[in-house]
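Participant: Please model the entire structure based on the sequences and the hints provided.
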Amino acid sequence: MHPAYSVLLFTTFSGAGYGLMILLCLFAVAGAIPADPVMGAIGFGLSFAMVTFGLASSAFHLGHPERAWRAVTQWRSSWLSREGVMALITYVPAGLFAMGWVFVEDTSGVWALFGVAAAVGALATVYCTGMIYQSLKTIRQWHNDWVTSVYVLLAVATGALWFNALVIAFGEGRSLFTWLSIAALSLAMVAKFGYWHSIDTAKAPRDTGHATGLGRLGTVRQWEPAHTQTNYVQREMGFRVARKHAQKLRIYALLAGFIVPLVLCLAVAAVANGPAAAILAFLAAAVAMFGMLIERWLFFAEAQHVAALYYGADSA
Amino acid sequence: MTSLPETSSGKKLGLVIDLDTCVGCHACAVSCKEWNTTGYSAPLTDQNPYGADAAGVWLNRVHSYEVSPGTQGSGGMTVNFPRSCLHCEEPACVTVCPTGASYKRAGDGIVLVNPDTCIGCKLCSWACPYGAREYDDDHGVMKKCTLCVDRIYNENLEPEDRQPACVRACPPGARHFGDLGDPESDVSTLVRERGGYDLMPGLGYRPVNKYLPPRERRAATDSGPLELEPADVAAAAAGDGMFRWLDRVLSR
Amino acid sequence: MAERRVSGEPKVETSPRIADEVKCTTCYMCACRCGIKVYLKDGTVRYIEGNRDHPVNKGALCAKGSAGIMQQYSPARLRNPLMRVGPRGSGEFKEITWEEALSTAAGWLGEVRARDPRKLAFFTGRDQSQALTGWWASRFGTPNHAAHGGFCSVNMAAAGLYTIGGSFWEFGEPDWNRTRYFLMFGVAEDHDSNPIKIGLGKLKQRGAKFVSVNPVRSGYSAIADEWIGIRPGTDGLLVFALIHELLRAGKIDLDYLVRYTNAPWLIIDDPGAADDGLFARDEAGNPLAWDRETGAAVNAKLPDITPAFHGEYTLADGRKATPSFSRLVERYSSKDYAPEAVAERVGITAATIKRIAAELAQAAFEEEIVLDIPWTDWAGRRHEKTIGRPVAMHAMRGISAHSNGFHTCRAIHILQLLLGSIDCPGGFRYKPPFPKPIPPGLKPSDQVGPGQPLGGPPLGFPTGPEDLLVDEDGTPRRIDKAFSWEAPIAAHGMMHMVITNAAKRDPYGIDVLFMYMANMSWNSSMSVSSVLRSLTETDPKTGDYVIPKFIYADAFFSETVPYADLILPDTTYLERWDCISLLDRPICEADGPGDSIRQPVVQPDRNVRPFQDVLIDLGARIGLPGFVKEDGGAKYPGGYADYLVNHERAPGIGSLAGWRGEDGESHGRGKPNAKQLETYVENQCFWHLKLPESQRFFRHANKEYLEWAVSFGLIGHADQIVMQIYSEPMQKFRLAAQGHGERQPPERDRARVETYFDPLPIWYAPLEDAGVETEAFQFHAVTQRPMAMYHSWGSQNAWLRQIHGANRLYMSRAMGIRLGIGEDDWVWVTSAHGKVRGQVRLMDGVNENTVWTWNAIGKRAGAWNLAPDSPEATKGFLLNHLISELLPERGGGYRYSNSDPVTGQAAWYDLRVKVERIAPADARASAPVFAALDRLPGLEPPPEILRFGEQFKDKSKGGA
Ligand SMILES: Nc1nc2c(c(=O)[nH]1)N[C@H]1C(S)=C(S)[C@@H](COP(=O)(O)OP(=O)(O)OC[C@H]3O[C@@H](n4cnc5c(=O)[nH]c(N)nc54)[C@H](O)[C@@H]3O)O[C@H]1N2
Ligand SMILES: Nc1nc2c(c(=O)[nH]1)N[C@H]1C(S)=C(S)[C@@H](COP(=O)(O)OP(=O)(O)OC[C@H]3O[C@@H](n4cnc5c(=O)[nH]c(N)nc54)[C@H](O)[C@@H]3O)O[C@H]1N2
Ligand code: SF4
Ligand code: SF4
Ligand code: SF4
Ligand code: SF4
Ligand code: SF4
Ligand SMILES: [Mo]
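Residue numbers (our numbering), protein chains in the order written: chain A, 1 to 316; chain B, 1001 to 1252; chain C, 2001 to 2960.
Treat the hints with care, as some may be off.
Stated by the list, open to error - Distance condition first, Cα-Cα at most 20 Å in a straight line; then the derived EDC-like pairs of lysine to aspartate or glutamate:
#  : chain 1 : residue 1 : chain 2 : residue 2
1  : C       : K2023     : B       : D1138
2  : A       : K244      : A       : E172
3  : C       : K2058     : B       : E1158
4  : C       : K2953     : B       : D1186
5  : C       : K2690     : C       : E2704
6  : C       : K2953     : B       : E1160
7  : C       : K2023     : B       : E1160
8  : C       : K2635     : C       : E2648
9  : C       : K2204     : B       : D1186
10 : C       : K2011     : B       : D1116
11 : C       : K2041     : C       : E2648
Claimed, not checked - With the Cβ distance kept under 10 Å, some of the chain A side facing chain B (calculated, not the full set):
#  : residue
12 : E66
13 : W69
14 : W75
15 : I139
16 : T201
17 : Q229
18 : N231
19 : G238
20 : V241
Don't read these hints as lab results, they were simulated from the structure. The beta-carbon is built from N, C-alpha and C at its ideal position, and this holds for glycine as well.
Facilitator: This is the structure:
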C-alpha cells in the first residue's frame, strides 16, 4: 500500500494525542496528579493539538474535505465512520473535563465522569482506527488480529511518553509514570514483534493464479499489462517495498520507536526529576514519535493488496 | 445506505466474461471509457494525456496473462482478462464507506458511487479485492463501473442497445450481460454450462460477475485420427511416387 | 429491462438523453471500414457506436473505433496549409492560404506534366480513395503511382489473384457460420479486424476447431484451440508437408479439381523448347486435357470430359505432355517434403504435422456439409445440393511480409483447392467483386508523353514479359522498379522503394514527390535514417535537394510532415465525404456486394480541406482530362461529393453502385443519380445487396452468379474461372529467363527470374538469410499489429496511448534464461544493418528463435504533438531501423530491393538479429535517438489535463 504522508501523520499524531488524553484523564480522575490549571491547559492543549492535527491531516487525504462531515453518517457499518463519530464525540467530554480542570481546577465529581468518558472515547477512537485496517480482508498484513492491539498499545505508549514528559516538566513526575511508559512501550514492542512474526510466517500468500482463478491450469504470470503507464490502483495498491529495505526500516523503527525511548526512560527513571529528567522524557517522546512514523510507513509499505496481483505482483 | 440493502429484489445484474473467447482487443475498455466519460461518471479524467506519464481513469481494463503448463499437464496458454467491478453481493467497498456515497442498489444489485456525496477518502478502493475502483484525482471522487446504469434502462436507446457499452462493443461476443439472480436467464445458463467461476471466492465478497474459464486447449480433435493411412501402401512402399487413386475416372 | 427504484437510494438518471443528433458514417480509425453511429451533442462528438445493421461489423466496435473521439479532438491536427521555410527536417514552416498552397502545387505539377509526366511520383498510403487517386495519376500521365499495397500484402493479393481469382486480405472470408476447421497463418489483426473477431467468436460458440500457425501466441492465437509456434518464414515447408500427407493418403478432392481447376490441363514436356512447360492448347487457344473416354486431347474447358490426372500423353504434334497435376504430385510427394524432412526447419514435430493433415482430411471429407441449395454450374448443369468441405483458411502478413510469401501463399491456396474448399459451404468464400479472371485483365500502363494521360491504369497484372514496364535494355521504367525484372508482378507497386530510388536517381531522378497519408519518414519505411538522408540529400552541383519538391497531404503532425515542402492539411474522417467503392477495396460480404460512404458529421474548426477535394481542384487547375469540361472549367466544382455522384468510369459505372439511375432504382449499372449521396445518407451510409442463395457458392463456376456479375459490371464475361494450380504466367517469365522470346531479362536477373518463377510453389529460405550469418544473427525479428493501435497515428490518441505507450522486445523465457537476459533488461538488438535498444519482456508463447515487438509504437520525440519525453520516444522503438531497403550486393555489385522477387512485396519479416544484454547502469532509454521535432506552426501545446465529457455533464443532470 502506498504510504501517504497524510495518513501516517494522522495515525501517529492522533494516536499519541488520544494516548495522552487517556492518561491525563485517568490519572487526574484517580487524583494521581493535581489539577494544576497550567499543566492541564498544556496537557490538553497538546493532546487536542495532536488529535486535531492528525484529523486535519487526514482531511488532506480527502478529495472533498468540505464534505468531510458526511463521514459520520455510516457508523452502522463503517469503521472509518465510527472512528469519525468517536473522534467527534470524544471532543465533548474531553473538552468539558479539560475546562473543569483548567478553569474550575476540579477533576473530581461530575468532572471525573467526563474524564472517564473522554478516556473511554479516546480509547474507542484508537480502536476504531485500528479496525479500519484490520477489517480489510484485501490486505493480509492488515487483516490480522495484532493490528488493533498494536494501534491501541502504541497510542497508549506514545501518550504515556508525552504524559511523563509533561508531568516531569511540572515537577509532578513519579517513577510510576516512567515505569508505566516503559511498560506500555515494552508491551507495544512485544505486540509489534508479534505482528511482524505473524505477517512473516503467514501461510501461502495469494498469487496471480488465485486472483485470476487460472491457477488450476498452471503458473500464472502477467504477460501484457492493461496499460503501459501506471494508474491509480497500481500507485495506491501496488506499492511494494523491497524486503531488504523493509528489514532495515524495521530496525530503525525498533530503535527509534522502542529501544531509544526505553533507554531514555530508564535514564529518566534514574534521574527521577528535575530539568534533566524532563529533557530526557521529552526526548523519549519525540524520538518515539519519529520511530512511530517509520513504523507507520512500514505498516503501509509492507501491506500487500490483493488487487496488485492483477498487475503483476507475485504475491499478496 | 452503506449498510447493504436488507431486502433485495433477487435481481442480480452483472456480466459474464468468456475467457475462452476474449482476444484481448481492449474494445470493451475503450468503449467503456467513451460511454462513461460522457455519462454518469463524466468525466473520466486523463492526467497528462499527451505527456510522459499519461494516467486516466478507466472503469474496465484488459490484462493478459500467460499460464505456464501446470502439473495437470495443460499445454500452456495466453489468457486475456478483462477486469471491472464485479458488483459483489457482499461488497466491503460499500460497507466501509463512511459517507454512504458507495451503495448497492436494492432493486438490481448494481454497486454505485454517488459523486455528489463521495468525499474521496479512497477507503472503498482499499476494500475492493479486484482493483475495480479508480480514483479521479481531478474530481476528488471515486469512480467505478456503473454497469452502465444510464444505458441499461435508457428509453432513449433501442431496446436491444440497452446493455452495457462494453458488451455492446465486444467484437467476438465474449461479454454477456443479464440477471444472474434468475437461474433461467441466458447468463445463468451459460455460467452453468461452462463452469463459470467467481474471482477469489475465499474472500467472501460473492461477486455477481462470473468468468467462463478458457477451455482446455485441444491438441487433437476429440475424435480425430493421429495420422493418415497411406492410400496405396504398395506404391508408397515402392516409392514410385505415383498413386493409384489418381486412376479414378472423373468427369468434369 | 425495467428499473425498480428503491426509496432512500440516491436518484440516478437512468434515462438521460444521449444526443441531439445521431449520424451514420463509416469508421476510419483503421482500414476495416465498419459502420458507425456518431452521437452528437452541442455539435461535439459524444459517443461512437458500431452500427448493428452494417454488414462489416454488425454492431461491434473495436478499441480504435471508440477512441475516434480522441482522434477528432487530437492536438496533433494540422490547422493550415504550410510552406517550408527552413531546411528539410527543421520543421520551419510558414502558414499559407489555400490559394497559395494550391497555386504552388498546381504550378509544380503542371510544369512536370508538360515536360515529362513520369517525373511526378504520386504515392498514397493508408488510402481508401484509390479509385480516385489511381485515376488521377493515369490522367496526369505518370506511371509512378501506387498505394501502400506493395509494402503491405501484395503477396497475398497477387498469389490469390494468380491462383484462385480472389484472395485473402479482405477480398474473401472463411465461412464463419459453417466451417468445422479453421487454419490461420500469420494473422495478428488484419484489415478485416472486426469481422475476424466476430467470426472467431462464432467458431468458439460452435466448437469448431481453430488452429493458429504463428510464431507468437497472442491475440487471436491466444484463443486458438491449437497454437503452432512456427519458425518465421517456413510456412511453405509446413504446407508442402501437409500436401505431402494428403497425397500420400489420397485425401484429395479430385472431383473438385477436375471441375474447377487446371489440374488436368496438359503441360508441354519439351525441355529446351520455347513453349516447354506451357499449356498445350488447341488452335482456338483452349488448353487441352487428355480425355480418357475418347483417348484424345480435348479442350480442357469442356464439360463432361473425363480427363486424366497423371501419365504421359502424346500431342498431335508428336510431343509429350503431362497433366499439370502429375507435376504437383511429383513435387510434393517427394521425400523432401515428408513431415520428418521439414520438421526441424519449421520447428514443429512431424507427428503434429501429420495430425494436422489428418484433421484437415477428417473435417473436409468426413464432415461434409450438404445444403439444400440448388445451383447451376457454368455448363448449365443443375445441382440439387450445395456440398461443402468445412475447412477454411486465412493468412496474412506473417506469410506475405517474407520474401518467399508469394509462393507460400500460393501453396496455401493450393492446399485449399486440394481439399475442395474454395467458395463452398464451410470453406473460404469470395467476397464480390471476386472471383475475377485469373489474373484480372488489367495491365500496367506506361507514360505516353508530355501532357498526355496514360493509356490505362498505372497498375495491373502482367501475364508475361511483354507486359513489363522496362526499356529495351531491361531498365525499369517506373521509379519504384515495379513491373521490372526485379519484381515482375509487382501488382501494387513498391512504395517502400520510391524515396530511396529517387534519391539515388536509380533508374532516374524525379522532380516532384507527391504523397498522401503515408508516414514514410518513420514507421512505413525500412531503415528510417537512410530515408531521412534521401529526403534531405542535396545535389553537390546545384545545391538543390535531389528530390527537388515534396508535396505531402497529412491530417496530423506525423514524422513525415517536417520533411515536406508543401503541406496540404486534410480533414479528419468525421469531417469529409469518402467513398468505399467497388472500384477500390469495397466492404463486400461473401453473401453479396456492398459499398459505403463517409459523410461529414462535424464541421472542421480549422483551415483544412478534404484531400479528395484538393486533388480534384488540382486536377482542374492543371487541366487534366476528365477533371475539366470542354470549356476548361472544373468538371466537378462541387468537389469530391460532386465527383462521387457524377463521375462515370465506364458508362453506367461510377464510384458508388447503389441507387443509380436517374430515379435511383438501379444498382450496379445506371446513370448518375443526383440524389445518390442523400440516399446513401438515408440508408445509413451503406449499400448492400444479398445475393440469392443459388449464387452464393462456387461462384467461379456458378452460371447464375457469373451472368449476374457481368450484368453488374464486376467482370467482363461469364466464362468459368478455372483455378490455376499450375501457373502459366510464371512459366512464361521463366522461359524468358531461359533464353526464349523477344523480351528477356538482362544477364544480371536471369538466374533470379529462372529460380523464382516456378509455376508450382517452391520454398526457399527468406532472402535475408542468404546475406547474413544466421548463426550469429540467431533470431528472426518480426512485428505484430496491436489491436488497440493503428500504425503510427494511434499515438496521438489520449486513450489509446495509455494502452500502448511503449513497446518491449518479446523473447522466449527459455531463450532469455539461456542468454542470461531477464525480464525488464535493456538489450541491443542488432541486425546486419543497424542497432536498436529496447527493453525485454519474456514470455512462454513465442517460438524460441523469434523475437518480436508491437508495430509502430515507437515515435520520434516531439512528433504528434506529444511531450518529447513521452514513453513512445524514450522507451518505444521501431524495428524498422534494423531493416535495409536493399539486400547485400550480389555479383556485379547490384543490390536488389529487400522484397519478394516475384511481387516486390517488402520483406519486413525476413529480418535476422542478435540480442545482447546491456548492463543495467548503461541504459534507461531506447535508441537510436533522433533530434526532437519542434511543434509545427499553428499547433497549440496539448492540455495537461483532459476532462472530456465534463461539458455534457450539467446538462444531463438537469434531466432532459
Ligand atoms: N517494422 C514494420 N514496419 C511496417 C510494417 C510492419 O509490419 N513492420 N507494416 C507495413 C505496412 S503493412 C503498412 S500498411 C505501413 C503503414 O504505414 P503508413 O501507411 O505510413 O501508416 P501510418 O503510420 O498510419 O501513417 C499514415 C499517415 O496518414 C496520416 N493520416 C491519418 N489519417 C489521415 C487522414 O484522414 N488524412 C490524411 N491525409 N492523412 C491521415 C497519419 O497522420 C500518418 O502520417 O507500415 C509498414 N511498416
Ligand atoms: N489494430 C490494427 N489493425 C490493423 C493495422 C494496425 O496497424 N492496427 N494495420 C492494418 C494493415 S495496414 C495491415 S497490412 C493488416 C495486417 O494484419 P496482419 O496480417 O494481422 O499483420 P501483422 O500484425 O503484421 O501480423 C502478422 C502476424 O504474423 C506472424 N508472423 C510473422 N512471421 C510469420 C511467419 O513466418 N509465419 C507465420 N505463420 N506467422 C508469422 C506475426 O507473429 C503476426 O502475428 O492489419 C491491418 N489492421
Ligand atoms: S468488485 Fe470491488 S468495487 Fe465492485 S462491488 Fe466488489 S468490492 Fe465493490
Ligand atoms: S472514496 Fe467515496 S465512495 Fe469511497 S469510501 Fe470514500 S466516500 Fe465512500
Ligand atoms: S458495464 Fe459499463 S461501466 Fe461497467 S465495464 Fe462495462 S461499459 Fe464499463
Ligand atoms: S472487447 Fe471482448 S474480446 Fe475484446 S478485450 Fe473486451 S472482452 Fe475481450
Ligand atoms: S475495426 Fe475498429 S477502427 Fe477499424 S474500422 Fe472497424 S471500428 Fe473502426
Ligand atoms: Mo498494411
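Participant: Confirm or reject each hint.
Facilitator: These are the hints, each one checked on the structure:
no., hint, result
1, K2023/C <-> D1138/B, "32 Å, violated"
2, K244/A <-> E172/A, "44 Å, violated"
3, K2058/C <-> E1158/B, "15 Å, holds"
4, K2953/C <-> D1186/B, "34 Å, violated"
5, K2690/C <-> E2704/C, "14 Å, holds"
6, K2953/C <-> E1160/B, "25 Å, violated"
7, K2023/C <-> E1160/B, "19 Å, holds"
8, K2635/C <-> E2648/C, "12 Å, holds"
9, K2204/C <-> D1186/B, "17 Å, holds"
10, K2011/C <-> D1116/B, "11 Å, holds"
11, K2041/C <-> E2648/C, "38 Å, violated"
12, E66, "9 Å, holds"
13, W69, "9 Å, holds"
14, W75, "8 Å, holds"
15, I139, "7 Å, holds"
16, T201, "19 Å, violated"
17, Q229, "5 Å, holds"
18, N231, "6 Å, holds"
19, G238, "9 Å, holds"
20, V241, "17 Å, violated"
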